[in-house]
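Participant: In order, the protein sequences belong to chains A and B.
Counting along the first sequence from 1, when you hit position 343 you're at 343 in the working numbering, and nothing is skipped either side.
For the working numbering, count along the second sequence from 1 and bump the result up by 650.
Among the hints, erroneous ones may be present.
Said to hold, decoys possible - Now the in silico label distances, taken between C-beta atoms and shown as ranges:
no. : chain 1 : residue 1 : chain 2 : residue 2 : range
1   : A       : 121       : B       : 660       : 24 to 32 Å
2   : B       : 935       : A       : 546       : 35 to 43 Å
3   : B       : 1090      : A       : 262       : 54 to 62 Å
4   : A       : 53        : B       : 964       : 52 to 60 Å
5   : B       : 834       : A       : 313       : 52 to 60 Å
As the list claims (entries may be wrong) - Straight-line Cα separation of at most 30 Å, DSBU-like style, residue types lysine-lysine; simulated pairs:
no. : chain 1 : residue 1 : chain 2 : residue 2
6   : B       : 669       : A       : 102
7   : A       : 304       : B       : 738
8   : A       : 25        : A       : 304
9   : A       : 474       : B       : 669
10  : A       : 176       : B       : 1111
These are calculated hints, taken from the structure and not from any lab test.
By construction, the Cβ of each residue, glycine as well, lies at the ideal position given by its N, Cα and C atoms.
Chain by chain, the residues:
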Amino acid sequence: MSFSSKDNYDKTKKDSGWLPRRDAKQQDYDKVGFMSGLEVHQQLLTKEKMFCHCPAGIYNHSDDYDAEIIRHMRPTLSELGEYDGTALMEFRTRKEITYRIKNETACTYEVDDTPPFPLNREALGISIEISLLSKLNVVGEVHITRKQYLDGSIPTGFQRTAIIGVEGELELPNKKIRLIQLSIEEDSCREISDIGHKRVYKTDRLGMPLIETVTYPDFVNPDEVKEGCDYIRFLNRSTGKVRTGIGAGRQDVNVSCRGGSRVEIKGVAHTKWIPELTHNEVFRQWSLLRMKDYLIEKGAEVNKWKISHFDISDYSAFNSELLINAKKNDFKIIAVNLPAFEGSFSWFTQPGKMFANEITDRLKVIACIEKPNMLHSEELNNSMNEGDLDFIKKSLKSNDGDAQIVFWGPEADVKTALETIEERCIMALEGIPEETRKSLTDGTTIFERVLPGADRMYPDTDTAPIPLEDDYIKSLESGLPEDIIDRYRKLKDWNVPEDVYTYLFSKDLFPLMEEIITKTEITPSYLGTFLGHRLKFAEGQFKSNEEFNYRVILRLFEFLKSKGLDFKLAEKMLPFLMEHPMMEFDSIIASLKHKRKSKEDLVARIPILKEKFANGKTEISEADRRNWIMGQLRNSAIGNISLHELSKEI
Amino acid sequence: MDNDIFQGYKGDALEILKKYQVRVWGTTKVETTRGSFEGTVLPRAENDDDKHIVVKIITGYNIGIDTRTITSMVETGYKKANYKIPEKQFPFTPGLPSVKLFGTGGTIASRLDYRTGAVIPAFSPGELYGAVPELADICNLDTEKIFAVFSENMGPKQYMALAKAIGKEIEKGIDGIVIGHGTDTLHHTGAALTFMCQNLPVPVVLVGSQRSSDRPSSDAALNLMHAMKAAGQSDIAEVQICMFGPTSDEYGLLHKGTRVRKMHSSYRSTFRTIGDTPLARINRDEILPIKKNYNKRRNDKDVKILPFFHDKVTMLYYYPGMAPDTLDALVDAGYKGIIFVGTGLGHVNKELYPAIERAHAKGVHMYMTLQTLWGYVHMFVYDTGRDMMAKGIIPAGNMLPEVAWVKLSWVLGQTEEPEEVKRMMLTPINDEITNREPYNGYLVYQGGVPEVEAFIKDVHK
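Using the sequences and the hints, build the whole thing.
Facilitator: Spelled out as structure tokens, the structure:
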């Protein structure tokens, strides 16, 4: 029976145990040994950057720059001498890095032409406060450490970072999560493009202070990871001293399955993406482990396994469109034989993806060959022509049960490409490679980098250690907000509906809520709903004026109380208030055409309306009548008497 | 227990370590009033306080623990760091030029010890090959560590030792010499070697790095490749300084040792030729001469080594209101030569005149150079200049102040006869005074000017 890629994909998908997330239960995750931990990054709200006096939080468009600087990153000797080839991936890629600099947001420090200035004390203070809130043991002396990055995202080739606290704890409603550490670090450049051997960055974000909270891998299912992440973010925001908005909070999510490896899904911007990503990742690993067993059983041996290749650039009778194009571009076209690998390329990894994707992704990142960069013997569509495949097999003298790749690219990249293919396939026989993966919006991930180890840390010789005295820590401790979990419990006691908690915490509205309740005696559950529904809706609906801030809401309720007006009037006033935050409340009410009416006036209209409703009707439903009258009086009533009271009168 | 096992610790911190019997390189668990910490105890930098113990935690970061918070400490293991540098044999390639690298103490290449964070200099050919394997494609390398001093401690003794070492290598038939050197005083050494090693048959190239070689973005490797190429393959047989042209990793510049100056405390492109153009541009593929006239490489060994230096020469940087006793003090201290660094065209105030006359009468050799760095001393333009010349100060043309100091020291090391000193000072050996200043010898652009902004956006700085 001949091999069918489609059948193989479907079968391996089924065998992997993958199922849609909505159908997955805890036992499905227990079966594959779901394990996950978080590295939550949060920018701090400081005026200046961490090691220089450039302003923080000003961003430039990619094509708005004053100068460019070119650099190449070189691994230091210890890596060359002591570590295996994978650690040198970034060096093998031979990237030329261009930095786009805007005078407004970058000085000579950002481009590594001057040593660091003393650490921003504002940032240090905030990071200690958050460490204390996270129940971490705060260090006695802060040592700035260099963490090596060869991808160019930081022009020095390393990130300056320092530990503020270790061994903490975070209390979720149903579980405690242990924290490994909290560090403060400088943010990296933003990538503009990465094509072939050229990568371009901009330096506006570079050097902004950032904290990273690292948890132990204590999460046992995808939803729990999201919940934990939300809590860390809420905790950070509860200080009111962190940045919000796009990119201000990002997380790396570490995932593994039983027998798998730590894979880091990098730069997840929204916590709501976490469940799908972690769900798919754990099954990707699980499926690849099944593939490993399959290949070994088929006779592939880790230590002996080798690819062979053949240059077919001169062949002129290709039928596959991609190969015809490759020839037009004068690329080298190389056929590669992978012994005993039949069945691997169409092996399920993620929804819509298979093992072949792992190879094409690595060819792009490591060998710098732009996609599409290859075809293989198990394509699910018809992109690989049968005749071409026969020719390739013949050129390679392939045996039955082998698999074939044909890739194309610049001649200078062929060697790295061949190494990359062989390396990834051998890894498939060993297990799951440790790597960082980039998240895509469909919940799948692609290869981004080889995962660096702890061996890339060394002290920064340009900065002195900073002692943290007990008195200083005590002074910070006295200004801390209460724990998120305590606030969570208060909201529960107040009967605030749970669906608004996320909004309240993410906007750090709890302190304001407490203040409004104390000052106006408003019902907490109403206030919670007002903020969590009305305000949230209004924010999505109306463009708020720059002057608008949440403190205005306190003044609004105080005003309503002092005038003896119904708090519900706030719902109508809110949109106006957002657009015109400086407007007098009286004027807003006037423009709403609100008229003060006494309860007696309103109640007096009820009999007339009853008559009007009854007009010509033979049968009258009580409920219909009440609803109709309520509708007639609603606008006049709001702000004068509560609707509940009015309804009773009817 | 001897102190070595508590490397760098003193006072309270040392007492704590002794009390709990925890050594440097010991893994430890520490209980403190701020919670517990675990990791490996690292040595403490000599100048840091005695109130903290440095620990490398499992995630690779270092932290300090305040001794005043420690309630208990226990050593759970011990693992001493290993400082060995992986060494690879530097390959010999027939047909490639042989280059000698002299080490003076500046770190051109190094490796990191990640456990300690120590930067270990790589210097032997094998170590250098491990750090910068590309060197093997440029030359066959031999190295010699002449001394180990920081750049700021390079001085007369080292200049003379280097000059003699250069003479010996040329005698042995080397194709080129590279000197690794800290950058702060690279240009002083460049000038000294130009005067001390005359009629060179091969290139002598001084090189350093502005960003230490332990970082991935260092300029060290590229500078080293450029320097080796210049020494082994270039036709320019002069003392040169080889450092970055722009701050980008694009090309290096070869500067004459007598016309170059460090112009920025930290930029990679800090070395600039003043009052002239550099000798050449260099990249990994080619050497592109800028100046047409230079001393060509020769096959002979007829170098003249003149290792002389008088250590009683000083510089006086003038400022408005400078009192005469500053000059008197130098004369009374026995200085035989003084390089004035004057304002404008070469001026000092009238109050100094009596002191100048006194110095002249005592036989002190005085020369005038410029704070402006660019341009010539013109002492005929104003009366003050004419007055000063009458009182014995000799204008030193467009010689750079540091170069004039080196040269006067070198001249006085050979003769103190005023006319001979003057003749030697004013007769250029290698363009320390030039006849003309080309229009493109002075280019200090100002940011903000539209055409300059357009230029730096287009051309990498």
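Participant: Give a verdict on every hint.
Facilitator: Checked hints:
1. A/121 / B/660: 24 to 32 Å: holds, 28 Å
2. B/935 / A/546: 35 to 43 Å: Violated, since residue 935 of chain B and residue 546 of chain A (Cβ atoms, about 55 Å apart) do not stay within the stated range.
3. B/1090 / A/262: 54 to 62 Å: The hinted range 54 to 62 Å holds for residue 1090 of chain B and residue 262 of chain A, with Cβ atoms some 57 Å apart.
4. A/53 / B/964: 52 to 60 Å: violated, 38 Å
5. B/834 / A/313: 52 to 60 Å: Holds - the Cβ-Cβ distance for residue 834 of chain B and residue 313 of chain A, about 54 Å, lies within 52 to 60 Å.
6. B/669 / A/102: violated, 55 Å
7. A/304 / B/738: With Cα atoms ~28 Å apart, residue 304 of chain A and residue 738 of chain B stay inside 30 Å; holds.
8. A/25 / A/304: Status violated; Cα separation ~41 Å.
9. A/474 / B/669: holds, 28 Å
10. A/176 / B/1111: violated, 53 Å
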